[in-house]
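Participant: Going down the list, the protein sequences come from chains A and B.
To convert, note that position 107 of the first sequence is 107 in the working numbering; the numbers rise steadily by one, no gaps.
To convert, note that position 157 of the second sequence is 157 in the working numbering; the numbers rise steadily by one, no gaps.
Keep in mind the hints are simulated off the structure, nothing from the lab.
Among the hints, erroneous ones may be present.
Below 27 Å or equal to it, Euclidean Cα-Cα: the simulated DSS-like pairs (lysine-lysine) are [stated by the list, open to error]:
#1 B/LYS254 with B/LYS276
#2 A/LYS428 with B/LYS202
#3 A/LYS431 with A/LYS463
#4 A/LYS431 with B/LYS378
#5 A/LYS463 with A/LYS493
#6 B/LYS66 with B/LYS88
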Amino acid sequence: MIRKPICWIPIAVSYAVLAWFVYFVINPLCYNIFQQPAFVLTFDFFWSKVGVPGGLSEYMQTFIDQFTMFRFWGTLFLVLELFATAFLTSRLVRKLTGDNEYVWVWAHVLAVALMFVTWIDVKYAFVVNMKALLLVAVLNIHLMLEQRKWYLFVAPFVAIFIYMSCGPTPLYIFAVCCGILYFYGKSQQRLVNLLSAVAVSLVLPFVIYKFVLPISSEAAFYKVFPHSFMYTNFGFTISQLFILLFIPILLLIGIFKEKILSVLKPLWAKACVLCVLFVGVFFLAKNYDNPMERLAYKMEVAAYHNDWDKILSYVKKNPKVFERKNYDRNVNFYYCLALAEKNQLADKMFNYPQMLGIDALFLDEPVATSVCLPVAMFYYDLGLVTNALHYAFEAQTTFTSSHYTMRYVVDCLIIIGDYDLAKEFLTKYEKTMFSRKYVAERLKIINGLDNVDSDFTLDYLRKTREAHVVEDFYMHGRQNNMLMILMANRENKVAAQYIACSLLLQNDLESFIKVIKSGILNIDNNNLPKAYQEAIILYLATAENVDPEIEQIKLSSYIRNSFSDFARVMTSKPENLRDVIDEKFPKTYWRYFYFDNPIHTNSRLLAH
Amino acid sequence: MKKILYAALITLLFSCSHSYDDCPSIDSQPFIYPDYTNIVIPVNISPLNFKVSIFNDLLEVEVRGKNGTYKYKCKDGKFICNERKWHKMLADNVNDTLFYTATIIDTLGQAVRCAPFWQFVSPDSIDSHIAYRLINTGYVLWDKMGIYQRCLENFNQKPIIENQSVDYACMNCHSFSAQNPNTMLLHTRKFNGGATILYDGKLQKYNTKTDISMSAGVYPSWNPNGYLIAMSTNLISQQFHNDYRKRIYVSDSKSDIVLLNMKTQTLTTCPQLSTKDMENLPAWAPDGRTLYYISAPQRKGEKGFDTDYWYSLLRITYDEATNSWGTADTVLRASDLGGSVTFPKVSPDGRYIAFTFANRGYFTPYNREADIRLLDLKTNEITTPRGINSSCSESNHGWSHNGHWLVVGSKWPDGMFTKPYFAHFDGNGNFSKRFLLPQEDPDFYDDFTLNYNNTDFITGEVPTTPIQWRDAIKADPVQVNADPSVNIDALSGATQPAKK
Numbered sequence: 001m002i003r004k005p006i007c008w009i010p011i012a013v014s015y016a017v018l019a020w021f022v023y024f025v026i027n028p029l030c031y032n033i034f035q036q037p038a039f040v041l042t043f044d045f046f047w048s049k050v051g052v053p054g055g056l057s058e059y060m061q062t063f064i065d066q067f068t069m070f071r072f073w074g075t076l077f078l079v080l081e082l083f084a085t086a087f088l089t090s091r092l093v094r095k096l097t098g099d100n101e102y103v104w105v106w107a108h109v110l111a112v113a114l115m116f117v118t119w120i121d122v123k124y125a126f127v128v129n130m131k132a133l134l135l136v137a138v139l140n141i142h143l144m145l146e147q148r149k150w151y152l153f154v155a156p157f158v159a160i161f162i163y164m165s166c167g168p169t170p171l172y173i174f175a176v177c178c179g180i181l182y183f184y185g186k187s188q189q190r191l192v193n194l195l196s197a198v199a200v201s202l203v204l205p206f207v208i209y210k211f212v213l214p215i216s217s218e219a220a221f222y223k224v225f226p227h228s229f230m231y232t233n234f235g236f237t238i239s240q241l242f243i244l245l246f247i248p249i250l251l252l253i254g255i256f257k258e259k260i261l262s263v264l265k266p267l268w269a270k271a272c273v274l275c276v277l278f279v280g281v282f283f284l285a286k287n288y289d290n291p292m293e294r295l296a297y298k299m300e301v302a303a304y305h306n307d308w309d310k311i312l313s314y315v316k317k318n319p320k321v322f323e324r325k326n327y328d329r330n331v332n333f334y335y336c337l338a339l340a341e342k343n344q345l346a347d348k349m350f351n352y353p354q355m356l357g358i359d360a361l362f363l364d365e366p367v368a369t370s371v372c373l374p375v376a377m378f379y380y381d382l383g384l385v386t387n388a389l390h391y392a393f394e395a396q397t398t399f400t401s402s403h404y405t406m407r408y409v410v411d412c413l414i415i416i417g418d419y420d421l422a423k424e425f426l427t428k429y430e431k432t433m434f435s436r437k438y439v440a441e442r443l444k445i446i447n448g449l450d451n452v453d454s455d456f457t458l459d460y461l462r463k464t465r466e467a468h469v470v471e472d473f474y475m476h477g478r479q480n481n482m483l484m485i486l487m488a489n490r491e492n493k494v495a496a497q498y499i500a501c502s503l504l505l506q507n508d509l510e511s512f513i514k515v516i517k518s519g520i521l522n523i524d525n526n527n528l529p530k531a532y533q534e535a536i537i538l539y540l541a542t543a544e545n546v547d548p549e550i551e552q553i554k555l556s557s558y559i560r561n562s563f564s565d566f567a568r569v570m571t572s573k574p575e576n577l578r579d580v581i582d583e584k585f586p587k588t589y590w591r592y593f594y595f596d597n598p599i600h601t602n603s604r605l606l607a608h
Numbered sequence: 001m002k003k004i005l006y007a008a009l010i011t012l013l014f015s016c017s018h019s020y021d022d023c024p025s026i027d028s029q030p031f032i033y034p035d036y037t038n039i040v041i042p043v044n045i046s047p048l049n050f051k052v053s054i055f056n057d058l059l060e061v062e063v064r065g066k067n068g069t070y071k072y073k074c075k076d077g078k079f080i081c082n083e084r085k086w087h088k089m090l091a092d093n094v095n096d097t098l099f100y101t102a103t104i105i106d107t108l109g110q111a112v113r114c115a116p117f118w119q120f121v122s123p124d125s126i127d128s129h130i131a132y133r134l135i136n137t138g139y140v141l142w143d144k145m146g147i148y149q150r151c152l153e154n155f156n157q158k159p160i161i162e163n164q165s166v167d168y169a170c171m172n173c174h175s176f177s178a179q180n181p182n183t184m185l186l187h188t189r190k191f192n193g194g195a196t197i198l199y200d201g202k203l204q205k206y207n208t209k210t211d212i213s214m215s216a217g218v219y220p221s222w223n224p225n226g227y228l229i230a231m232s233t234n235l236i237s238q239q240f241h242n243d244y245r246k247r248i249y250v251s252d253s254k255s256d257i258v259l260l261n262m263k264t265q266t267l268t269t270c271p272q273l274s275t276k277d278m279e280n281l282p283a284w285a286p287d288g289r290t291l292y293y294i295s296a297p298q299r300k301g302e303k304g305f306d307t308d309y310w311y312s313l314l315r316i317t318y319d320e321a322t323n324s325w326g327t328a329d330t331v332l333r334a335s336d337l338g339g340s341v342t343f344p345k346v347s348p349d350g351r352y353i354a355f356t357f358a359n360r361g362y363f364t365p366y367n368r369e370a371d372i373r374l375l376d377l378k379t380n381e382i383t384t385p386r387g388i389n390s391s392c393s394e395s396n397h398g399w400s401h402n403g404h405w406l407v408v409g410s411k412w413p414d415g416m417f418t419k420p421y422f423a424h425f426d427g428n429g430n431f432s433k434r435f436l437l438p439q440e441d442p443d444f445y446d447d448f449t450l451n452y453n454n455t456d457f458i459t460g461e462v463p464t465t466p467i468q469w470r471d472a473i474k475a476d477p478v479q480v481n482a483d484p485s486v487n488i489d490a491l492s493g494a495t496q497p498a499k500k
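Chain B extracted, bound-state conformation (with noise of 0.2 Å):
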């Protein structure tokens, strides 16, 4: 009886099992989703599970690198790599490409096998997290949200900090000091607000509105030093189009930006920081010492059209030891460029500045027609690079530690909510075509009406608990002192204090 059952198993096995390599061939890759054909991917990445157009059903991908073809069934139409083959796989083919063949259903019932698209298994090993805050697609109402972070060798998702622990307070501006989880900034606002720092193994909040200072800080640069923060400090207000494809123009009516150094606890500024033209997002650059920046005339008034609302880029330096800063240099101009250069980001080595450029204003999240671009400091050129840009807005973009991949925030496709996405720098201006954040159900971004905001690359995980981060943002803040050293008289721009 046994024998005949076990004779039985073995004919179901074998009868279930079922070879498509006789299926006929037909030009075309097949339209998968997420788009992860012809790329080049980091050796570290998690598995890049995808599905075919739900007009087709994905049978069987086969998968060819230089050591040997890796045959992959696949279930419910799902091509899900098991974690541990995946990392063998991409290991045993770094620096080399890997060829996937799809067998796939067709529309007209018949299984067929696709043109084969590629992955190039790229030595460059991308950060090992990302994080980023989840949101809803609220303009002024929030209510739950948290700063996550993400593990790219795999799919955990682990949160720093999530609202509900602290009152539903509006959390985000989180920045990091080079991509280095032990030193973290996060504001809070509405509820328990103030600007938590995670610094020197410590978490403390601090509060950075000063007599010198318009506001508390806002968008915040870690210098890579690890203890200088410079911060923009804004008067932000919203306004919303009865353009569907705008929304919302978010703008400010004031802005400077001051530096904090966590060592002395002090808030600086200087004159050519605080001028009346509207000086805002900070960068510094890798050497420690420039500190990039983009700045607007001062607005007319607070309402109108804005079209000629735009932000040119500008440098100054910093000396540490004497206190001092540079003359402010305009980079790039933007009645030049005919459009507003915002979020400035400098890759690791210097010599780029990969910035967002829309048609009016800073805050480009919801200007579909804002683009990534990339200007080389040593050539001047600037350049659209393709293969990170849609027709929907691209901004918030981050550079890994190696500056080897780019992290760019983008509303493709649906125009409404923003996914990560990545990229290959060859370092010298070229970019590979981005690829979305992989999960392990490929169904996942069909549900998902969460944003990615504001994703950056950490090399580990934060090294503190949610329950830190709550109680730190709970407790009262210490106050920042007003560099004495700032003559308030000579500030010629919006942060001069009200005369008492």
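Next comes chain A alone, as it looks inside the complex (with noise of 0.2 Å):
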């Protein structure tokens, strides 16, 4: 036997700079809209996470989910949360074993690069982080008890226990780990361990399935996490990183074992060992992920904030959105947004590749779980409130702990009147960690201690509501929802520019016209935005019976001679016609009328 200190110390440092980075630095995550669950503390709450196969470190990654919204104390809980674990466990194997099984060290080491490895959406990241911690903890203990001689009456325990906590797959693991123990180190004991170890992995699954709970065959046997949205979206990768890098790497370290340790015995070898491992986590974890679906989330969280400008910023800091081969569905949806908020938006829309036309420029068909929210917030920030409050509910079947549903819920109730359901809901938020101060200003208005007008935007949209609320009037058709918001409040340019732009992108030039012709967009004929001059000239080269009121209109020299060339171009008709449209008049709106796909061809781009 080998017997060495263990160098706990330097390992839980990295967990602390690695944590501290990754998550405070370089994942915008972090404060990721859905990942706020607020209501952990009841006790059914506990049961449905905790009594099925995985969850209790799903239950454990729920809880710490409700500290990463705080960018500085929430990443500073969670440090201490992985150096808590790091010490204690890494303590117990050096004082109860005599540190002689530094693959176990390792293991821990890798089990929190799984972590960062898996970092494409935080919430999925910790139930990988809780499984591998509880993994390691549930190994070190295995290692400590091994040495007892009743141990082999512990380990099919040990092994219900991974199963419980951890799911099917650690269970796996933690027979392949028995596995290794046995390689490099046969005796008897570690021959029975692993036998046991085995045949529970292989029994334990399918009593569960079929006599214990009414769990689906996929949670019982193979499936990473508990709920069916964790794994169709990120199980396949997250069952290759654990099944396909834990294990083979703890083989390798079990063979090499010995080389290993000589090679790490001075100090500036685990220090060289530590900086790899740094920057082969950084690396993995800032190539891992989609660039696009994060971008859509840190515009998510600036949208919710009003921070327009951020979003532009965001933009234009990544020229990659433009590229056609990246094309994101929320992230135009949310360009387009802070475009209209600022103004802007029929002048730059054609700038990004609108390839779903009117569906990212709304994003409520076809309803889904992801667009829920951002569908609320969109109708919330236009002040068509009763719709904002169908798309947060529709949100909270899914994300019932969110904060920002939650938010939306009340903030929807309370403008509407309805402050006796709104309390409901507030005594449910209340008994959150995080959100007194909001509760506490909420339950004032409420509870008659202040005015609605208070608040501007609630007095602002509760006065716009009173205009909206129709009797028997059904939110059909997105363009109708737009009309309805801009006849209530006519200086909305946000709703104005929807319409407008929404009949740009269905190339229905005929409304459009007449949108322009009735005045209802409230703008300056002569002073029209790029994109609508564009579909105008457009239109009186291409109408039968141009409207003598339209040819008044006065456009700017430049997309006139701009169209000449546009048009000579069309009629040539050369063979690559599309790239020289392309390169030609990339940012016009006649090469979307002409050439860029509408909805029925991009239809799977929806499924993003």
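Reassemble the complex: the two chains are provided individually, in unrelated frames, and hints are given to aid placement.
Facilitator: Rendered as structure tokens:
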């Protein structure tokens, strides 16, 4: 047996540095809108999570999620959590086993590395984190107990604990780990351990599935997460990481253990390894996820805070978003919304490849979990409170614990004037740790100690809403909704732009011209934005019976000349017409009108 | 030393106990939540725990009955009664009235005794269980949901099936044959779709879509014989209101009624139930021969305001021996009533029909004006029982096995979350004031943001496990047969299959 002091201090410090850096500096999802579980304190909630395989780690992850919205204190908490787990388990191994099993310490480091690698969404990364940490902690305890003879009786219980707390995959990993132990330290005791672990991992999922818990076969036998949504979206990746990385690396470390120990003897060698780990994790983390998805999340948070300049700056800093191969529906949506808020939609909309047409200008169809909160935010911001509430409720079906959802629900109800119901939600919300100030402010309004007009947004939306309410009006049709908003508040430039631009995206020039003529947009027809002028000149060139009033609209000479060039290219019909148009008229409505595919050919993009 | 300790302990105990008998009395009854004042309660109901409004604090409750007085000290301002003591108290006072005198701290901080309120302990027991779905307030999307059973004699709630075991499928329209927990139907959709039926001790999933039906079965009603199930077939859509109070409008573009015979696993229908009008929501009478249902004229368009979209109540007879249907007969004409009749439920004695009456449509949980009305089939008189209605929506009601209790799904008081209320029926057209499903903790409903959907009485616990339901729902469905004797050409309505 090799007996050397364990290097838990540098490992724990590395945890701290890594976690701090990843969560605090580079991970934008720390404050992701979807990860705010508020109600983790109820017993029912506890059992609903813990009662299925892998539930304990998910429960712990759910609890910890609450902290991630606080960039500084939340991150500090997470780092402390990692530090504590590393310290305690390593300390335990050191005290009770004589520190001879470096392989488990490395497994510990690897577990955290895995957590960072899977940071595609912090919520799922936390699950992996908790699973990995739990697994390693249990493995360490296993190691400790293994030196006692009665461990033979304990091994199956350890396996059961791993299964129920971490899920099926870690159970299989546990069995493999027992195999590794036997491989480099053959003994009869370890053989019995291995056999009992294998037996449990083969039998237990079957017993749980068939006789104990009403869970799906996936959850019992191979699902990484008890929750189907997580598995559907990220399960495969994380399974791969667990199975393809965790086990082979453990095997390699086991095989080359002696060599590794001799190489790592000097302090500088340990430091080097930590640096390599640090860089490696950073590299993987930086390149692992979808940058457009991250960008969409960042935009989502900025939009929630009405920070439209930030959204536009994100786009400015990431010119890749304009490349068609990087198209993302949510990025498209937030970009358009930010432009509209800054009254630039009709000038710059076609800078972005509007590949989904109207379906990226609005996100509400098809209804999906991922669009409910953005749509609630969108309608809330525009002033159609009833629709915002509708989508907030839809969002609540999945994001039951999201404080963003709760805030939309409560604020919409206050605007509508249903204080009793708002209070019910606040009572629930009040039990969370971090929203006391918000709850207190809203309760003041509800209890009559403050007026709605104390909050500018609530007051404004209530006043505009009063004009919206029309008996028996069905909310159908995105343009109808925008029209209703505009009728209630003629100054609502966002709604006006959305009406006109949605017609352009539908290539409906006739209706667009009618809207321009009606004056409903409340803009100067002789100083129209770029896209409108491009649409009008196109209309003038293609319509059979041109409205004389439209002919009077003043168009810029640049656009007239540009359109003449465009028409020349179109009529000359070169072989590479599309390439020529892309090159010469890349950001024009004309290109969209003739060449960018409308929704019916891009429907698969909606799935993203 | 020990003696001193004992003495100190006894002194402490005595100093803690306090009698409020000498407190001043006030004329008004306390405002308690849930409102269990002046109601009729079944002898076997679980404790009706309550609290007082936030402006007061509940100190003590004295319950006076014919066989003595019971005093309950209240902790944290809540009256929470021990189950064993509660049931004994009810058994001792059956067919008599209990008077509750609450001592509260009033707004001035003074202990006062309120005027007593009463609860009459009816000898008519209530069915031991109810079954319901618990779901979030989503209109299109859903996540976790389940069908649960709750024992009314205590606070035990058990899942019949939760959707996390069946890939988060949507599940509802559970129904039972004459409140018998041994015969049950449950629809699942989106994932693992089909009608899973507990019949003859066996769980089996069926595909009820056939050539003679436009869709799989939707709203079911079991014949009391336990093997015939009438089901509607619907093409359903949703529309959303700008008016917050109405929120959502669920409507059909087409609907018909079919009949599934579990013995032969055959689906049948008749031209009278498959007209161009929209037949919907079947409900068997206890004689097992009369089928009540609602019907509305065919819709003119898919969209519109639909304010004239009213359903009438009809009935038709069915002779199982000859597999023949009678003539459809209109029981309540919507135009005569000036509104829509929906969710007809025939009382077990066959004399009354409790139905929901609303301004429009048939799916009324979101119709704020929807109320329960009672039709006396003997006198054809319609009444609107005060005790079971409120200013919010009431619908999805059901009779107990003995016909003495009605459960009503009501969105009162918040207009948002449906909760089950119970009311006693005296058999002569009169309901007592309703009361809310009791919970162990009176704070339960304060932050409970799920809806109790489609609450129905059952006379016992469903004798299956969630694992059995999971396995049945995940299995391949058995295709039911279309009745070959149905003359498809004679079907004048929507169920005609598309020409191939």
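Participant: Each hint: holds or not?
Facilitator: Structure-based check of each hint:
1. Between B/LYS254 and B/LYS276 the CA atoms are separated by roughly 8 Å; this keeps the pair inside 27 Å, and the hint holds.
2. For the hint pairing A/LYS428 with B/LYS202, the CA-to-CA distance comes to about 41 Å; that exceeds 27 Å, so the pair is violated.
3. At roughly 31 Å between alpha-carbon atoms, A/LYS431 and A/LYS463 are farther apart than 27 Å, so this suggested pair is violated.
4. Between A/LYS431 and B/LYS378, the direct Cα distance comes to roughly 54 Å. Violation of the 27 Å bound is thereby established for this hinted pair.
5. A C-alpha spacing of about 17 Å is found between A/LYS463 and A/LYS493, which places the hinted pair at or below 27 Å, so the restraint holds.
6. With a C-alpha separation of about 13 Å, the suggested pair B/LYS66 and B/LYS88 falls inside the 27 Å cut-off, and the hint holds.
Consistency with the previously given hints fails for numbers 2, 3 and 4, ordered from lowest to highest.
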